[in-house]
Amino acid sequence: SGGSEKEINAGVFKVGLLSPGPVNGQGWTQIAYEALLKIEKELGAQISYVEVEQSPALFERAFRDYASQGYQMVLGHGFEFQDAALTVAKDFPNTYFFISSSKIREGNVIGVDSDSSEAFYLMGVVAALMGKAAGLVGGVEIPPITNAFIGFTNGVRSIDPDFPISTTYLGSWTDAAAAKEAAFSMIAEGADFIIPDADAAGSGVYQALNETGPGYWSFGIYNDYTSQAPNNMIGNYFNDYGQGLVNLARMVKDGNFDIQTNVEFGLKDEDVIWVKFVEGRVPVDVQESVETARQGIIDSKINTLSPIR
Amino acid sequence: MEPLAIVSFLAAVLAATWRLATPFIFTSLGEVFSERAGVLNIGLEGVMLIGAFTAFAITFFTGSPVLGLAAAITSGLACGLLFAFLTVSLSANQIVVGAALNLVGLGLTSFLYRSIFSGRMETAREYVSFSPLEIPFLSSIRFFGDILFKQNLMVYATPIVVLLGSFILYRTAFGLSVRSTGEHPRTVDSAGLRVSMIRYASVLIGCGLAAVGGAYLTVAHTNQFNEGITSGRGFIALAVVVIGRWSPWGAFAVSLLFGFFYALQLRLQAVSGITIPYQFFQAMPYLLTLVVFVAMRRRAAPPGALGVPYKS
Amino acid sequence: METVEPEIAQKPPSRRSDLKKISFSPRYLFTLGRKMAPPVAALAAALLVGAILLYAAGYSPWYAYGVMWEGAFGSRNNLAETLLKATPLILIGSGLAVAFRSGIWNIGAEGQLYAGAVAATLAGIFFTGLPAMILVPLVLLAGMLSGAIWGGLAGFLKVRFGASEIVTTIMLNFIAIIATSYLVTGPMIEEVGKFPQTAQIADAARLPRILFPTRLHIGFLLAMGVALASYLLLFKSSRGYALRTVGISPDAARYAGINVGAGLMISMAISGGAAGLAGATEVAGLTFRLYQEISPGYGFDGIAVALLANNNPIGVIFTGILFGALRSGSEVMQMNAQVPSVLVSVIQGVVLLSAAALGVFRITVAESRKE
Amino acid sequence: MSETLLKLDKIVKTFPGVRANRGVSLEIRKGEIHCLLGENGAGKTVLMSIVYGLHQPDSGQVIYNGEHLDLRSPKDAIKRRIGMVHQHFMLVPTLTVAENIILGQYPPWKILRHMDRVEEKIEKLSREFGLKIDPKALIHTLSVGEQQRVEILKTLYHGVDLLILDEPTAVLTPQETDRLLVFLKEMAGRGLTVIFITHKLDEVMQVSDRVTVLRDGREVATVVTAKASPRMLAKLMVGREVLLEPPPREGPKGENVLSVKNLFVNDERDLPAVREVSLEVRSGEIVGVAGVSGNGQSELALALAGLMPVAGGEIHLDGSVATNLSPRKLSCLGLAHVPEDRHRMGVVLPFSVAENFVLHEFDHPPFARNGFLRYKMIKSHAMDLVRQYDVRLGGVDDEIVNLSGGNQQKVVIARELHRKPRLLLVNEPTRGIDIGATEFVRRQIAAQRDAGAAVLLISSDLEELIALSDRLLVFFEGRIVGQIRASRDRIEEIGLLMAGKSGKDLVEK
Ligand SMILES: Nc1ncnc2c1ncn2[C@@H]1O[C@H](COP(=O)(O)OP(=O)(O)OP(=O)(O)O)[C@@H](O)[C@H]1O
Ligand SMILES: Nc1ncnc2c1ncn2[C@@H]1O[C@H](COP(=O)(O)OP(=O)(O)OP(=O)(O)O)[C@@H](O)[C@H]1O
Ligand SMILES: [Mg+2]
Ligand SMILES: [Mg+2]
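Residue numbers (our numbering), protein chains in the order written: chain B, 22 to 330; chain R, 495 to 806; chain E, 163 to 533; chain F, 62 to 570.
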C-alpha cells in the first residue's frame, strides 16, 4: 500500500500516532489523540493513528508502515515504543520519531516527556497545607505515574515531613469500579485528599468523592473534571501536551527542528502545563506557597523528582 | 489496632465487599440456571459487556438508569436467544458459541462506543445513576448502619433476587424440570416436557442476569462505560458457579467471598506505610479463591448432561 | 491413496506410511476441501456482518476491506506480519486441540503463555555468552517447560484434588499476568531507564529471521512443526488413541488399561508447553524483552482457533492464519481507513458463530446419547 | 376381551441410514398381555417409542380406542393413559422418587407445596399394588429392581390403561422377575393392557396371551401363546433352529487358574461390598456367580479386573500374585474381562468398530509400530473378527454406536475372547441381546472353557447360569452363602439362598 500513497500525497505534511489504547479512553491516550487533531487543525497536516494492542510485537510494524508511507513525524505515545522506534529509525532518516514519556535522544528518535511530577508537586503542597492525609490511586505502576507520585510526595514533604500518604494501584486503566472502591478505602483510612492518575478508570475516584460529600478533595488530572465532583474538585491540572506537540510539529513542518536533546515539557512551558484552582476553594496563603513552589520549580531550585527516603 | 478500629475497618471492608460482589452475584446466579439445565455458557464476559454498554448508552440518552437497566436486560435476552438458538436448536458446540460471544461482546461494544460517543468523552460521563439510598433508622446504626444501609438499589436487590432464584429452582415445577434437564434430559423428554424449551428459558435467564451484572458496573457502581470495563468478571463468575456447587446461595456466598478478598486487597493497599509490592495484594483474591476451591472438602459433581446437546 | 506426491515419496519408507495419511494427494485435498467449505462460508457470513456494521458506522465496506486485504497479504511485509500473528495462535491452538480432544477444558493458555515468556526471558538474559546454536534452543525449551509446568499444575490439581480445570486455569491466568507485572516492575526491571521492562535478551538468543527484510522468524516454521506433530500425536499415534479414549470415556479408558490421570496431566502439560513456546517465540522472535502485557489475548484467541478447526491441528494452521490475517489486516485498516480495529473481534466472533451454525463442529450420536 | 385397544397400521420409521420399521401392523386387545419378540435392531423399541409419542412415524397410523392418534410428544400419550417403562430407565438419579414421579405433571409456574401429599399418594399406590418404595429416597440410592418399581409407579400415578415395558426383566433377578410377572398378570386381571418386550422365551410362555414376532422392521407373525412353543418362536425370530444349551464340557478340569482368599472390597461410597470371599476357578471349568444384583458381584468383578481397589485379602492368577494390579498388567497375565456395563465401559461409542477392537492392544505390535498406529493392520484384524463372530454391520469404519446392542456385545465378546485368555471374567454377557446372539455368545464361552480357559461367569439370569456353569456360587450381602452344583432341579433352593432366606450356608462339591 505504501508505494502508491507516496506518489499521491507527495509534499503533504503527514503525522502518525501509535496509541497504546483506545484513543477515546479518557486521560493519557486521549491527550495524544487530541494533540493529533490539533496538529491537523492548526498545521493542516494529514493525520492517522493506530491502536496497537498492548503488544510490543506490533509496534515496529506500525512505525515501519508509517515511515514507508512518507510520514514526516510519527509519535509513539509511551516509553514502550522506544525500542521499536530505534530499530526502524535507522532505515528512515528523514522521519522524526517522537516517543512520549521517554528521555531518549538518538538521531531522529526523540523522547518527549511532559513531567507531571511538577504539577503533582504543587498538588502535594496544597494537600499538606489543607488536608489531614492523602491517597494516590494509580492505574499501573509505570514511570509517568510513579514519577507523578514522587513529585506529589516531595511536595507534601516540603511542607510536612510526616503527612500520611497512601498509594493504591489498580492494575487496570479501565476498571472504574475498582478505582471507586479504592477511593472509599482511602477515605475509610482517613484520607481527605485523593488524587487519581489512572486514565479512564480515574473518574471512579471522583464519583467516590462526589458520593461521600464535601470535605474531601481532589484534582482533575490532565483536564477539567470539575463537573464530575462539583463540591470536591479543588483545582485542575491541565496538560496540553497537544499544544506542546503542535509546537514541535510546526518546527518539523518548517524544517527548522533544531533541538539537540530530548524534549521535556514542564511548568516552564506555560501554554502546555499549568494548574488552575477552582474559584474560592484555596485560601490566599496556600495559593502563595504554591506560587513560590512553582517559581522554585521553574528556576529549577526545586527538584520534584529527588528520591524519597 | 484497638477493637473500635477493627470494627470500623471490618464494616468498611464488608460494605465494599457487598458492592464488589454484586456483579458476580447477578451473573453467577444466572449461570447457575443455565448450567443446571445443562448449558455451559463461557460467553458471560461478552454478555456482561453488552449489558454494560446498553445500560450506559440508554441511560445516557434517556437520563433514566431504570430504562437503561431494562434495555440492558433486553440486550441480554437477545444474546440468550442467539446462544440458545445455536446451542439448543442447532446443537452447536456450547464452548464455541461462548467463545464467540466473548469476541463479539468486546468488539461490538467498543466499536459502537467509538462510533456513537467519540468526541463526547467528557459529556459521556455525566448522567445520574442509581445513587446510594439510605434506609431510615438502620442507616444510623454505628459503623455498620452507616455502611451496610447506604447502598444503591441493585446492591440491596441481590439477596432478594437470589432468594427468588433459589425458590424457583427448588420449589417450582419449572425449577424441577430445569434440574432434571441438566442431569438427564431423556427423562424430561419422556415425561412429555420439551427439553429445548426448558433450555431456552434457562439460557435466557442466564444471559439476562449476566447483562444485569454488567449494567450494574455502568449505571450503579460507577456511571461510565470504558472499553472492557468488565475486566474479566465474566470469567470469575464462571468459576464462582462451580465453587458455589451450582446452587444460588452457594454462588451468592462465593461471590461475597471473592468480593471480600478484593475489597481487602484494595483496603490493605490503602493502608499507608505498607511497602509490600502491590501485585501481591492484587493476586490475593485469585490465589485465595483458588486455595479455597482446592481445599474444599465437599465439591459437587457438575450436572450430568452439562455441555451435552440433546437430540431426541 | 496410492498417488503419493514426489517429495513425500522421497522420504525414507519407514516414515512414509505415517506421512502419507496427511500428504497432499488429490484425495486428501478433496476431503480437505469438503472440510474447509463450511468455514469458508462462515467467513463470508462474518465479513457480511462486518460490512453492515461498517456501512452503518459510515465507512465504505469495500474500501475498508480492500485496505484490510492489502494489510494482510498486500505486500511481502504484510504477509510476513500476518504469519507473525498466526505463529502464537497456531502454537496455542494445536496444544489446545490436544487438550480439548482429551476432554480437558484448558482456558489457561494466556497464563501459560506468560509463564513461558518469563522463563524464556530469564534464559535469554542470564545465559549470554552461549552461542546461538545452544542458546536459541535453550530459550525455547525454557519457555516450553515453564508453560508445561504452569499448565501441568492445573492438571495436577484436577487429578489429585478433582479441582475443575475451568476454575483453576481461569485463576492461574490472573495470577500469571499479575506475577509478570510484578517481575517487570520489580526484580527483573531493566538497569537503565527503569521502565517496567526487562533488559534485552542476548543477541544469540534471538530467533533467526527467514524472510528478509521482514521480521518473520523461524518461530513460524516451528509452529507448523508443532501443529503437524500434534496431529500425528492425536490421530496417528497410540498415545493419541489413549488420550482420545480418555477424552470420550474415562471408564472405558481405565478398562482398557490406560492411566487416566497421567493422560490428563500429559495433555495439560502439552497444551501448556505449546502456549509457553508461543510466549518464548514472542520474546525471542519479536520483542526481545519482557513487558507487562506481552500478549494481546493470544491465549483466548487460541481457544477460538482450535475450536474453529474442530480441534484438528492441521485445521488449526488454517484457522490460525485466518485469525492472524484478520488481526494484522485490521491494524492497517485502522491506519489507512481510520476504521477502529476492534471491529476485527466482531468479525472473528461472527466467524465462530456462523461456523457453529453451519454445524462445522459435528455432534456424534454418542454425545447426544451420552447420559 | 376381544375388543381392540390399539391398532398399528403399516408403521414406517426410518432414521438416517437405518430403516427401523418398514410397515409394521399390529393389534392389541383390551386386557391382554402381548409380547413383542425380535432380534436386536428388529425395531421393537422404535415401534413402541412411536406409540408413546417419542418418535413420529414417517407413515402409517396409530389407532387407539378407535380414535386416530397423532402423538406429538409423550405428553399426548400420558394424557391418553398410555405408559411406558423404558429399557434404559427414565429417572433423574439426583432427584427423589416423588420428584421423579411428578416431573412434567404441572405447568411450569406451579409452586410445589405439599410434596408430602404427593408422597402420601405414592405410598398409598405402592401399598395398593404391593410395590414397596420410599418416596423420599434418592433414585441413585435404589437398586435396579426398585428403580423399575418407580418406573411402574410413575405410570400408575399418572393413570394407565396401556402399559408398555421394554425389556423390563433384562436387569432383574429371578425373584424380581417372578414378582413382576405375577404383578402384570394381576393387573391384566384388573383390565390393564400390557405390551411386553423381551428376549426371554420362558417369560413369554409364562405371562403372555399373544405374541408378535418382529424381524428387521416387519412383523412376521402374531400367535396365541397357548398354541406356540419356545422352539417355534425362536425359529420365527431368527429364521432357524436355535439351541440355548451349549454342548457340555468335554475333557477334564485342569489346574487352579484363579484363587481368591478372604477378599474384601469397598464400593464407591466406601462401604464394604465384598466380605471375606474365597473362591477358586480351575482351567476348563465355568464357575457361575448367582445373586440379586447389588450384593457385591459387580464389585467382585471390578476388583478382579483391577478396576477397584482390594481392601483386603489376596488374588492369585496362575500362581502369581494379582492383587491390586493394573488392568494392563492383569491382561498381560492372561485375564480377559467382558464388563457389565457395555455402554459405559465395554465400548467407546464414537470410535469406529475397528478402533474398538484394539481397545487393549492399540499400542502393541502389530497394531502400533514405534508409537504410531497402523490402521491397515487394525482394519484387517477387525474384518477377521467381524467375520468369525458374524457381527452385523455396514463396515468396520462405522461408529460402533450405530450398531444394535446385540452387535455391540458381539464386538466386545470377540475382542475379549480372541486373546485366548487364561481367565475369562464375564459379567452379564447376554443382557439385553436377542436369542440368536445369546446362543452364539454362550457357545463362544463354552468353547473357551473347552480350550482350557478358566471362566468366572456373573449373571442375573439364572437360566443362563445353569445352562453354562459347572458350579454356582450364590452371593448375598457380599458373602458367598452357598455353593451348589448347577442344575435345574435346584432352582428353588438357589432362589432362597439368593434372597438370604436359608438358615445356614450350604456348601457341596
Ligand atoms: N434414534 C435413532 N437414530 C438412528 N437409528 C436408530 C435410532 N433408534 C433406533 N435406531 C435403529 O433402528 C433399528 C431398530 O432399533 P430398535 O431399538 O427398535 O431395535 P430393538 O428391537 O429395540 O433392538 P433391541 O432388542 O436391542 O432393543 C436399529 O437398527 C437401530 O440402530
Ligand atoms: N440416536 C441414535 N442414533 C443412532 N443409533 C441409535 C440411536 N439410538 C439408538 N440407536 C441404536 O439403536 C439400538 C437399539 O437401541 P436401544 O436403546 O434398544 O439399545 P439396545 O440396542 O437395546 O442396546 P442395549 O440393549 O444394550 O441398550 C442401540 O443399540 C443403538 O445402536
Ligand atoms: Mg430395544
Ligand atoms: Mg436391547
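Bear in mind the hints are in silico, worked out from the structure with no lab data behind them. All of these numbers come straight from a predicted model, not from anything done at the bench. Misleading hints may appear alongside valid ones.
Some chain R residues judged to face chain B by a derived CB distance under 8 Å, without partners named [stated by the list, open to error]: (1) 508; (2) 513; (3) 558; (4) 653; (5) 667; (6) 717; (7) 723; (8) 769.
The beta carbon of each residue, even a glycine, is placed where N, CA and C say it ideally should be.
Answer holds if the nearest beta-carbon of chain B is closer than 8 Å to that of residue 723 of chain R; otherwise answer violated.
-> 5 Å, holds
Hold the hint about residue 513 of chain R up to the distance rule: shortest CB distance to chain B must be less than 8 Å.
-> Holds - the Cβ of residue 513 of chain R comes within 8 Å of chain B, reaching about 7 Å at its closest.
Restraint satisfaction for residue 667 of chain R [CB to CB of chain B, less than 8 Å] | 38 Å, violated
Does the CB of residue 653 of chain R sit less than 8 Å away from some CB of chain B?
-> 20 Å, violated
Would the stated hint for residue 558 of chain R survive a check requiring a Cβ distance to chain B of less than 8 Å?
-> Because about 18 Å separates residue 558 of chain R from the closest Cβ in chain B, which is outside the 8 Å limit, the hint is violated.
Can the hint on residue 717 of chain R be confirmed by a CB-to-CB distance to chain B that is less than 8 Å?
-> 7 Å, holds
Interface hint status, residue 769 of chain R versus chain B (Cβ within 8 Å) = 10 Å, violated
With 8 Å as the cut and Cβ atoms as the points, is residue 508 of chain R at the interface with chain B?
-> 11 Å, violated
In summary, the structure is inconsistent with hints 1, 3, 4, 5, 8 from the numbered list given earlier, while agreeing with the others.
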